[in-house]
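Asks: Protein chains in written order, with my numbering: chain L, 1 to 345; chain V, 1001 to 1345; chain A, 2001 to 2345; chain P, 3001 to 3345.
I should point out that these hints are in silico values taken from the structure, not numbers from a laboratory.
Please note that the accuracy of each hint is not assured.
[Claimed, not checked] Some chain V residues judged to face chain A by a derived CB distance under 10 angstroms, without partners named:
(1) 1075
(2) 1076
(3) 1130
(4) 1135
(5) 1184
No residue lacks a Cβ here, since even glycine has one placed at the ideal position from N, Cα and C.
Protein chains: 4
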Amino acid sequence: MIMFNCDCAAGAHQSILEPLSGTNFEQSGVYGLDEHSDRARDYIRKACALGGEAGVHFLAGGTQANMTVIDALLRPYQGVVSASTGHINVHETGAVEATGRKVLPIPSADGKVAAAALESYCANHYADRDREHTVQPGMLYISHPTENGTCYSLAELKALRSVCDKYSVIMFLDCARLGYGLAVEGAPQLTDIARLCDVFYIGGTKVGAMFGEAVVITRPELNECFRYDIKRRGAMLAKGRMLGIQFEVLFEDGLYFEISRRAVALADRLRRGCAESGLRFLYDAPANQLFPIMPDALIKKLQEKYQFFAWERVSDTESAVRLSTSWCTPDENVDAFLSDLRANI
Amino acid sequence: MIMFNCDCAAGAHQSILEPLSGTNFEQSGVYGLDEHSDRARDYIRKACALGGEAGVHFLAGGTQANMTVIDALLRPYQGVVSASTGHINVHETGAVEATGRKVLPIPSADGKVAAAALESYCANHYADRDREHTVQPGMLYISHPTENGTCYSLAELKALRSVCDKYSVIMFLDCARLGYGLAVEGAPQLTDIARLCDVFYIGGTKVGAMFGEAVVITRPELNECFRYDIKRRGAMLAKGRMLGIQFEVLFEDGLYFEISRRAVALADRLRRGCAESGLRFLYDAPANQLFPIMPDALIKKLQEKYQFFAWERVSDTESAVRLSTSWCTPDENVDAFLSDLRANI
Amino acid sequence: MIMFNCDCAAGAHQSILEPLSGTNFEQSGVYGLDEHSDRARDYIRKACALGGEAGVHFLAGGTQANMTVIDALLRPYQGVVSASTGHINVHETGAVEATGRKVLPIPSADGKVAAAALESYCANHYADRDREHTVQPGMLYISHPTENGTCYSLAELKALRSVCDKYSVIMFLDCARLGYGLAVEGAPQLTDIARLCDVFYIGGTKVGAMFGEAVVITRPELNECFRYDIKRRGAMLAKGRMLGIQFEVLFEDGLYFEISRRAVALADRLRRGCAESGLRFLYDAPANQLFPIMPDALIKKLQEKYQFFAWERVSDTESAVRLSTSWCTPDENVDAFLSDLRANI
Amino acid sequence: MIMFNCDCAAGAHQSILEPLSGTNFEQSGVYGLDEHSDRARDYIRKACALGGEAGVHFLAGGTQANMTVIDALLRPYQGVVSASTGHINVHETGAVEATGRKVLPIPSADGKVAAAALESYCANHYADRDREHTVQPGMLYISHPTENGTCYSLAELKALRSVCDKYSVIMFLDCARLGYGLAVEGAPQLTDIARLCDVFYIGGTKVGAMFGEAVVITRPELNECFRYDIKRRGAMLAKGRMLGIQFEVLFEDGLYFEISRRAVALADRLRRGCAESGLRFLYDAPANQLFPIMPDALIKKLQEKYQFFAWERVSDTESAVRLSTSWCTPDENVDAFLSDLRANI
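Bound conformation, chain L alone (with noise of 0.2 angstroms):
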């Protein structure tokens, strides 16, 4: 079988693999405390054109950087507003709430949060003269990209920016897939969300790592006292290096950004394929990942050889479905991909 289901199946980019056995008798500190990882926070610093005092902290994963994030930063009476969509309020079996925390869902059809429904959600609230009794919105997330494929373009993260700062509101972006994101013909890039964020996270875990996220706090007086919070929900590993190799390895020459236009490339190709074949599409989703609208048979007769995900039935003969490119996607299956795509439609 050939995969397009999922950006997290294969290991780790070879030229992580080889340093995190080399340095493996190195006495170096523990817990995030070592030259490797002082090493990537540096990288990851300029990288985002930020200051020393920004925090950089590597996570094993995407629901702990979330649930370490959202706990830290919030006050207990506040809660956090996503899209209705948001990996938060949908896949993490609760791990927000497991905090005390309540996520405050704002429908969304694609997967992104709009200005003007932070705007409205915000004013509403505000507005109340019972506000009490309800959760005040302290913080937004958003996913960039999103669970569906979709991107903010710059001009939206500034128009939620721009609402974050009237509320009052910590603007936090899970970037699970960030250099997919990042890849995309004008979009945002890494200095502009590092700029307009106060805090977001540097997927590792899709984009060429074994396993790790790189938190980073870009606003030093959220940062102060966030390694408490990391032990504090777990999310401390000992020998905390092996996540500050990969993120050195990564940012130390632009391997992340480049493994990420390869993956982009491989998408475009195989979404031009699509729009060839006469294929519509459900989202308008330009980094690693597509959602084309096939018909049923088409769907079928494809999964034979390729693995894919039936993301949504569209008509009562079509259903749109998930295509997935990653950092090790090799060309040869987006050829035959299409070649096949081509022969049975």
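Guided by the hints, dock chains V, A and P onto chain L, whose structure is given.
Replies: Okay, now just chains V, A and P, sitting in the frame of chain L:
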């Protein structure tokens, strides 16, 4: 510097590094549902003499394992009894309390909880007419070996089990250093532990793995929905096979036991050498850690060349120190230390 | 101003005030373990046709009752299904999430959860191969009457019970306005509710009491340690007999039912009067609340003399309003309102 | 039986019962936003010599006040330092831990926390290179009078304040028995407490009220969103004026202080009588509680007629007992007890 300060500085045993790389492009299931993890589960169940319905789950670290297990298995109004010195009580930044559960400390001089102390604690609770105003003891947490290097005898574990049965208390062993405990002559074996405990975890991080702890739930009814709990606590690794592979290697042919025995043999040599040099010990610690009492001048001299902790002051001129061996301590480090000890005493 | 805006402004029924004073220097037990509370429990069990092993607990308010019940009876990985309009989802400042549990909202137009919607929610959960990544539906929360004044029929409650049985879901009714619901012609009776639900609470605050809700747990195994949970949530009143006395008075001779019937009769008069004046209604609300749709000018005129809420805009020139009667609404207030309505329409 | 066992058995002072009835049909605001509550706030601020920006909030009970305050004012990674004997540590079924915060107990023989002990606790925390692995002390909880009947001197409170300032620790006084503490000769006065503490609560339940505690937040920045926290913890009473009325009566003309002085004068008589009969005391408890040490035979004899607790065994033949007076203890009960004591010793 030669390190005796810690058993989790080095990376992973060489036998683990190779398959971590070798399986890099396998297309296995995610979230721990892969063949490596399944094989590791089988090896562990076999080593424990447990049937197929016992749960085996791979988590990334000890604090994560403790908080996930304790939260999952207690009822809200119940707390977990622990030695006052227990890791959950003093070194996890309140991770257990962060889940809403109270740690109920029992004073302990050597890190162990005596059956009589547990009996007394439970009896007092149930004798109280107003017991609803206090937290019900619902779980016993003990570490084996303890944070003070001491180990439970089989008789002690059986006595604790008996109190647990009497008061419907879940018996949970934090075995972050399990291998070293098993290697002690006359110590309870893995099958004893599996038979006596409701749940325990087999430490990987300190015993040859890069990271990872294997939580074993011996009572199927406690295991049923534990994967939900893992996800809810941010503890489900996307590429879960990275954990599975490590335990597969450690338990396929007894590597876990073998490397532990070697570490304890080295600690035995250190213990004998210290005793022959006339040193006393703070605790009767028979596994991979020892706590000799040294004059301050000697400590200062030895710390020029060796890294180890001053653990506790015992008189105006002496302190107990902690020396740890591990699976990767070279023989010559022990030789050097003993020689320098003899030369400076 | 004449109030139709709320059913909890006045103090307590006169029959309650006297014994609250009269028993002032009794030396009864504290924390709810007193003779008044015991008698109140017996009266309630009798009214419910429940045996002595059913739990009856007196708490101070609705949010407190909801959060204590939901936290106590769910497993950590479970959440509580609610209408999106449910009080716990929108008007309790995240009290349920503060206990670590997620509210799982089902869209609702009229405040009710349909059995088919619950069935579909549960079926989807268990059909998901990755269901461990989502919160398991462990409880159904419905309010009766709902926040929109609507009421469940006996058939609807039975249909929900049947889905709850199928998926092992605990059925919990928030009956803050129970008396008014019971007074509706043809409505399910208290014995029906007690037979069908695992747990519910009988609202006192809105139905004659100064404060207080009686939580009834019909399944003894859910009740066993509930007093621990009450204390743990700060909900155990020291002088618990103050709650007991109120429910003793309300349930000794049927006062609770009698004052509720009167309130609903007054609401019926309001409903008839509105209908006769040609007004339509937003919801089919048969108990002590009604939601007539009025032209904005009429609303403005009436609000000069009467307090009531504009509930929801329904067109450019009309809004639905909410009118509430209660146990202490004077007959003449209804007369006056209807007369002014006729005069101004 | 004559009761000396408890200071919260009787209902409310007569002056409170009348207005509770007399205001029954007032149409005041709900949720604590009414004129009675506002007047009570003003009276309390005046008695505390606090300005209008200080927060005053009425809650139903002590555990509820403790858990709401502690959760609201701490950051997630912070805990609350308490005497090991503190009510939050031993008698609230883990209500504080249920909010995710850890109680950090300091051993105490007499119920008090010494400034030196707090200083040492904080100094040790910040001296620890790995302090992120332990809970940061963020609040000091002390009770005044303590659970052991002891009271802080003004010098002791000032010394604690000074340590709190040094380490940015919030100083919180649980004053469930405040009136009795204020009535002790030479004790810190209410203005001292208000000046020295960041937050404290004035106990009503044990000092004349039917129920209710007045939380006073002296630092406005801590008060800003506290009403959200109250609602979130299920602690916002619908008919909040029932609490307001009680504190209005207690603080309008000094009734709170007057009834407390009387109770302490009665306790003084009991203390003198015990001392004259040759009894020693377990603690130096100067307020409304005393802990005389009696031969077991005497205890048994007195308990035939009087209700009081055996508190702690002090020798093979003697125990300390706890005697409590309260605002409603009749003079003749004290006369009778002293007479029976003299007759039986």
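Asks: Give a verdict on every hint.
Replies: Okay, the hints, checked on the actual structure:
{"no.": "1", "hint": "1075", "in the structure": "holds (7 angstroms)"}
{"no.": "2", "hint": "1076", "in the structure": "holds (6 angstroms)"}
{"no.": "3", "hint": "1130", "in the structure": "holds (8 angstroms)"}
{"no.": "4", "hint": "1135", "in the structure": "holds (8 angstroms)"}
{"no.": "5", "hint": "1184", "in the structure": "violated (36 angstroms)"}
Checked against the numbered hints given earlier, this structure breaks only hint 5.
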